[in-house]
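Protein chains in written order, with my numbering: chain A, -4 to 214; chain B, 2 to 416.
Careful, some of the hints might be misleading.
[Stated by the list, open to error] Which stretches of chain A does chain B cover? Using the computed rule of at least three CB atoms under 8 Å from a CB of chain B, they are:
hint : segment
1    : 72 to 83
2    : 130 to 142
[To be verified] Distance ranges between label pairs, derived from CB positions:
hint : chain 1 : residue 1 : chain 2 : residue 2 : range
3    : A       : 20        : B       : 172       : 48 to 54 Å
4    : A       : 197       : B       : 36        : 30 to 36 Å
5    : A       : 27        : B       : 83        : 46 to 52 Å
If you are wondering where the hints come from, they were derived from the structure by calculation, not from laboratory data. What you are looking at is a predicted structure, and each value in this text was computed from that prediction instead of being measured. Note that CB positions come from ideal geometry on N, CA and C, so glycine has one too.
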Amino acid sequence: MTLLEFARGPALQASALIMIAGMAWRMAGILLLRRRPQYAASRHSLARRMGGGASLILSRFIPRRTFWPRIAVGVMLSAVFHLGLALVFFGGAPHILLVHQATGLIWPNLPKGLIVMASGLTLAAMIALIVRRRLHPVLRLLSTADDYVSWLLVFLPVLTGILLSGEAIGDYGSLLTLHILSVEALMIWLPFGKLMHSVLVFAGRWTMGVTFARKGAAT
Amino acid sequence: MRRFIADIGPAAALAMESCVHCGRCAEACQFYVQTNDPRYTPIHKIAPLKQAYERELGPFAFVYRLFGLAPQVTAKELESWQALIYDSCNMCGRCSLICPMAIDIADLVERARHGLFEAGLVPADYLGALAEKEQATGSPYGLTQAQFRDMLHDIGLKHGVVMHVDEAKADIIPTVSSIDLKMFPASMAAIARILNHMGVSWTFRTDGFDADNAALTAGDRAGQRKITLGIIRAALACGARTVVMPECGHAFTEMRWEAANSFGQALPFRVVQITELLAEGLSDGRIRVNPGVGERATYHDACQLSRRGGASAAPRLILRALGVDLREMGDAGDANWCCGGGGGVALVKRAQPLRDLAFQIKRRQVEATGAGTVYTSCSGCRQTLEHGGKTANWTSTVASLLERVADTLAHNQKD
C-alpha cells in the first residue's frame, strides 16, 4: 500500500471516525448537562422564540452598524477567509467528486480560475489574521496553543491545495498525498479545538436567539 | 471548586466552548474602549470560570485533568481576578451583541461572581457589606419593617399622598429600590400618586418591599433567593395579581426572569417594570397626563431594562405621551452604553476612577443631544448620571421618568 493509498483509504476512514465520534462526544458533553427549567412567563410565543433563534443565526453574520468602525479590519479578514474557504471546499471540482463518491451528492463546480483566486485570497487573509493575532494586544492576550494549531491545520490544506492546482509545481502524487493527509489532520483536530466552532456557532446563536426572544430582548 | 461551576447548564457550557478568541467583545466594552487595556476584554474576565469548567465539567475534563492542561483554580488566582470581575464589568451585555458566537458574557460574569462570593472575595467596601446586611435583614441598609412603615407614612405626609401599607388584599404591590429609600424617596410618593390616580387596589408590603437585590450583583445566590422569595410571599399573602418593580434594572432582571425559577414554578402573578405599567396605563386611558410642550430631553436606557429586558419601547411611549421633544443618544435602545455604574460597579468604592472614565462615553453622548433633561428609569443609573453630571458641570438635569409622570398627572377626583 502506497502512502497515497493509505491516505485515501484507512487514514481517511479513521480520521472521519475520530472527527464524528469526537464531535458527538463534545456535543453530548455540552447538551446533556442538567438543564434548569425556566418558569418565568415568556414575552413571546414558542414560534416567535424559535424565530428568534433562526433569525440570530443569520443576523449575527453581519455585525450591527454601530460596531463597524472598531471591528471592520477583523471582520473583513475573517469574511474573506471564511468565504474563500467555503468557495474552495464546495466549489472545487476534486472536492465535489470526493463528496459524490462518498455520498452520491453532486453539484456544479466553479471555474478553476475562480477557485485558484479564492484559495489565494484565503491564504493571504489567513496570513494577515495570524500576523494580527500576534500584534494586537487583545488577541495576543486571548490566544492559546489551540489558536495556532488550528490555524496551521487549516493553512496546510489551503497551501497544498493551491500548489496542487498549479500542477507544474512539485510531484503531483506527493502533493496530493500531503494535501489529503493535512485535511485528515484537520479532521482529527476539529472536535478538540476551536475549529469545532463550525458546529457550535449554530448551536450558540440558536440558544441565545431563543433565550433573548423569550425576554423580548435585543438579539 | 465544583461549587464554582455548579449551576452551569448547556447554555453556559455552549458559551464556554464556543469562544474563537476573536477579541471583538473588547470593542463593545466601555472599560476597554476607554482604556485600551486588554485585561478589560470581556471574555478574558471569566478566564477562571472557564478554567474550572474545562477541568471539572467540560466534555474533555478527564483529558484536562490527566495532562494537567487546566490546573485547579486557586483562591490566590481568584483574588487576582476580583477587580476584573467586580470593578470592570457592568453586566450590561453589550458584548453579547457583538460576539459572532453569541456568547452571553454577562451571564458568565454573574456565574463567576458566584464563585468569588463563595470564596469570600466580594469587595467588602461596600458591595459586600450591603449584600451581607441584606442577607441578614432583607434590606441592604438594614431597614426594618417598622422603619419602612414609618418612612412611607412620612413620605405620604410630606408629599400629600395617601399611602396604602400592609393592606390584607390588593391587586397590585409596588416594590422599591434601596437607592430610592436612601436618595430618592419622592419616587415612592410618585408611585403611590399614580396608583391612586389609576384607581386600582394596591398596597406597599413591609414584609417584602426591597427589590434592589444587591445580592445578585455581589454573587450571593442564597441572599438573592431570600430577597426574591420574600417579595413572592408578600405578593401571595395579599393575593396580588401584579408586582411592580421599581426604577431599578437589576431588580427587574431578578424578579422578572429569575424569581419563578427560585420559586420552582410559574408565578401566580405578573411582574412588570414601572415603565411598563405606566405605558399600559397611558395606552388604555387609566393614566391621563397633561402633556408639556417642547421640553427637550433625552432618555438613558438601563441595560437590564432595554437590551436585556425587552422593555425599550415603554419609556419612549411615555415620553411621547408627555409631549417631550425626545433627542435620542447615539446607540439608544438596545445597543446603548451603560452609565458605568451597572452590575454593582457603582457599589465598589475603589472602582470610582475606572467608573468615571467609563462614564465619559455617556457624557459625550448626552452632551451631543443638547437635551436639558436626561430621563432614566433606573435609580442606579440616575445616581451614576447625577454624580457624573456634577463632575462634568452639566447644565442638564437628571430625572426619573416615574416622578415626571406623577408630576404631570391630569386632575382626577380619585387622587
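The hints, checked one at a time:
no.: 1; hint: 72 to 83; result: violated (count 1)
no.: 2; hint: 130 to 142; result: holds (count 10)
no.: 3; hint: A:20 with B:172: 48 to 54 Å; result: holds (53 Å)
no.: 4; hint: A:197 with B:36: 30 to 36 Å; result: holds (34 Å)
no.: 5; hint: A:27 with B:83: 46 to 52 Å; result: violated (33 Å)
Checked against the numbered hints above, the structure violates hints 1 and 5; every other hint is satisfied.
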